[in-house]
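**Student:** Line by line, the protein sequences give chains A and B.
43 is the number that the working numbering gives to position 43 of the first sequence; each next residue is one higher, with no gaps.
527 is the number that the working numbering gives to position 295 of the second sequence; each next residue is one higher, with no gaps.
Calculated directly from the structure, the hints in this document are not laboratory data.
Small disclaimer: the values here were computed from a predicted structure and weren't measured.
Check before you lean on any hint, since a few could be wrong.
[Stated by the list, open to error] Just a sample of chain B residues kept apart from chain A, beta carbon distances all over 12 Å, derived:
(1) L248
(2) V274
(3) A421
(4) L424
(5) H425
(6) P551
(7) P588
[Unchecked claim] Label-pair restraints from in silico Cβ distances:
(8) B:V644 - A:R30: 35 to 41 Å
(9) B:P615 - A:L111: 57 to 63 Å
(10) B:F624 - A:S113: 38 to 44 Å
Where is the CB? At the ideal position from N, CA and C, for every residue including glycine.
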Amino acid sequence: MSAGHAPGVYAGGADVIAVLILLAEFGMLRQALARDQVRLYAAQSGLISALAVIVGAVRGLPELYLLAGLSAALKIMVIPLVLRRLLRAGRVGADLAGPDGDIARSGGMSLASTVLVATAVAAAGFFAASHFTVGGAAAPPAALSLSVSVVLVAFILMIHRRDVLSQAIGLFSLENAISLAALVIAASLPLVLEAALLFDLLVAVIVFGLLIRIHHGRAESLSTTDLTSLRG
Amino acid sequence: MIALLAVPAAAAAGSLWLPPRAAALASAASGISCLALAAGLVPAAVRGGLAGPGPLRLDALSVIFLLATAFGYACAAAYSVGYLSTAGGHGLARPGRQHWYWAGLNLFACSMLAAPLMGNLALMWVAVEVTTIVSALLVALEGTAAAAEAAWKYVLLASSGLAIALLGTMFAYYAGARALGPGYDLAFAPLLHASAHLPATAARLAFVLAVLGYGTKVGLVPVHTWLPDAHSEAPSPVSALLSGSLLAVSFYAILRFFQIAQGALGPRFPRDVLLAFGVASLLLAALYLLDQRDVKRMLAYSSVEHMGILAVGTGFGAPVALAGVLLHVLAHAAAKGNAFLGAGVLARAFGTKRIPSLRGALDALPWSGPMFLLALGALGALPPFGMFRSEFEIVAGGFESGATAAAALLVVLLTLAFLGLSAAGTALLPPGTSGAARGAPDRAAPGRPGAARARMANGAAGASAGPEPALSRGEPSAWMVVPVLAGLVVLLVLGVHPPAELQGLLSRAVDLLRGAA
């Protein structure tokens with residue numbers, strides 16, 4: 001982050017998108033309705049795809065267009081679709097009031113303190129990561145540090161929320177954060193490998209859906225507060 | 233090499249269509265042929281490795297983990313034949329579930345065999361992630377509330393950990409692309425070859441993130457929390473595979489990053505990281521072992537302990553210690569697989585996993601009882617078994633490399649863990665002759681030693697006339713005895729006189745780990 005000169009259009013644009021991704025993560029953290037959480041996730045994924053297109057254009061890596069398309073299809077269409085269907089199935093749960101899935105009360109701490117903690121953690125991650133001189137000449141200066149912040153906030157999201165849906169979304173957005181980091185430091189990774197990673201995500205989504213269904217069928221709720229029998 | 237992946241994949245596909253019994257036999261056959269195939273790869277690995285088609289690569293290090301996985305697979309598949317046919321009316325017994333069980337088991341084995349065969353860090357990550365997904369479903373398959381809880385915690389924690397490992401892989405790519413140019417594709421061999429020229433910060437980040445990420449799957453403290461849950465609630469053959477093979481495969485991933493970090497940063501830093509994680513794991517696991525009431529949770533914490541030993545041994549870095557670590561991987565696969573399978577028989581026969589209720593198992597189960605006790609002894613590293621040899625080598629290596637304090641701590645913690653295991657072991661013994669003669673007061677366990685002994689005196693192993701039909705047959709199934717016996721034989725061979733081929737394989741792999749090859 002020793003930018004003695006102003007960043008170019010590409011670096012500036014990438015950093016702006018990274019900031020937006022972080023904001024979307026915070027939005028998911030504080031969102032009260034599961035339906036809106038899913039929407040925010042889709043928006044965040046859209047930002048990732050947009051960044052992939054930009055990086056592909058600037059660095060002359062046409063295969064990134066294909067990757068952006070694949071990732072958009074999966075993360076904007078398929079995953080939110082699966083999650084919404086689960087949400088509809090889970091509506092019978094007593095703890096999910098209303099058709100949109102009110103998960104405001106699923107937090108372990110009060111919302112304000114969670115956001116404060118997440119802000120502190122995100123800042124710590126940002127400054128710690130900016131000490132690493134990893135970026136390289138081609139990379140936008142702040143995006144990598146921001147991706148570390150998103151990773152940490154995603155962890156807070158998973159820790160804070162006590163319902164399976166938010167935990168799953170937390171995990172998927174963690175994957176988004178890693179995509180962000182990958183676009184910054186490993187943009188030229190061969191397409192085959194990227195596709196393998198995406199396929200893997202697809203399988204994970206299906207399994208998460210299955211497990212959420214099993215959990216719901218068993219506990220009649222999407223809450224994890226009763227998952228406490230295994231200790232010690 | 234391809235056959236090693238094709239056979240279990242075919243068995244998995246077949247399991248979906250074949251009737252359950254045929255699927256069972258096909259899976260057992262697939263497990264045993266995989267073991268034979270893996271053993272057949274040993275000479276090639278000793279000669280210096282093999283490059284298969286596409287990303288498949290093979291060297292001495294990967295063959296050791298292949299052997300551990302294939303052995304666990306063969307045992308678990310054969311054992312499952314008996315486990316499912318005696319499942320009674322609950323959980324896994326439903327035919328629909330059995331299809332999924334067999335398909336999942338074979339797929340799980342296939343992905344675990346794939347990970348050490350991948351000569352590419354990204355594909356190795358994909359293989360390990362697939363193991364998580366498939367095994368989480370297998371954990372949930374038992375159908376109890378606890379199993380659903382364990383599966384959810386497992387898949388969430390392990391996937392988060394693996395996401396961190398993916399971040400580590402990306403840093404490795406970045407480092408590699410810096411040294412090798414933009415066409416780099418995360419292949420392992422060139423990265424290791426160029427490891428001296430990697431940028432230090434990126435290599436350091438990659439290693440730490442990989443240890444933390446894959447360490448989640450290995451069960452290193454403090455990221456081990458899913459492990460006791462998943463291992464205790466999964467069907468017993470799956471627990472055996474999870475513990476004996478899956479943890480080892482994840483440790484393999486850490487070793488690959490260790491090799492790279494060693495090349496890029498020198499041995500000091502990566503060894504210290506592993507030493508810290510290892511000692512923490514040992515300490516916590518040893519304390520939990522001391523007071524554990526659930527027999528499968530106890531074995532799970534013992535897994536944490538043994539993974540800690542592996543990390544500590546690698547952290548010592550002396551050749552003797554590294555040879556011990558690799559031998560320990562094999563011995564742990566045999567011993568822990570064994571112990572989980574034996575615990576499965578006990579739990580099936582007694583209908584509980586609580587250790588105090590298993591009293592008298594030695595009498596009620598003429599084969600499984602004593603063998604489980606022997607497996608516990610093996611896990612506690614009693615002398616005739618392979619783990620004694622490997623732990624001895626690790627401790628000796630610790631003193632040799634000058635880490636005297638750590639080695640002494642290792643001995644203390646090993647003793648503590650042994651104490652916990654042996655306390656559980658004594659709980660299985662008959663409550664003294666007088667107690668056995670009375671028998672009746674020990675009402676907590678359905679298998680009363682007195683009754684069991686009387687049956688054995690009659691020699692009526694098959695006749696079930698007693699009031700306890702669940703236990704009257706002695707052993708539930710021969711399929712559940714033979715794999716455990718095979719494991720004990722392997723442990724004995726590893727401990728008393730490891731074959732020359734294996735010695736060659738181990739020393740070759742140690743050379744690789746030290747970067748001397």
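**Student:** Hint by hint, note whether the structure agrees.
**Tutor:** Checked hints:
1. L248: holds, 16 Å
2. V274: holds, 29 Å
3. A421: Holds: least Cβ distance 16 Å, greater than 12 Å.
4. L424: Consistent with the label, B:L424 stays out of reach of chain A, its closest Cβ about 18 Å off (over 12 Å).
5. H425: holds, 19 Å
6. P551: holds, 34 Å
7. P588: holds, 15 Å
8. B:V644 - A:R30: 35 to 41 Å: violated, 48 Å
9. B:P615 - A:L111: 57 to 63 Å: With Cβ atoms ~59 Å apart, the hint holds.
10. B:F624 - A:S113: 38 to 44 Å: Hint violated: Cβ distance 52 Å, outside 38 to 44 Å.
Against the hints set out earlier in the document, violations occur for numbers 8, 10.
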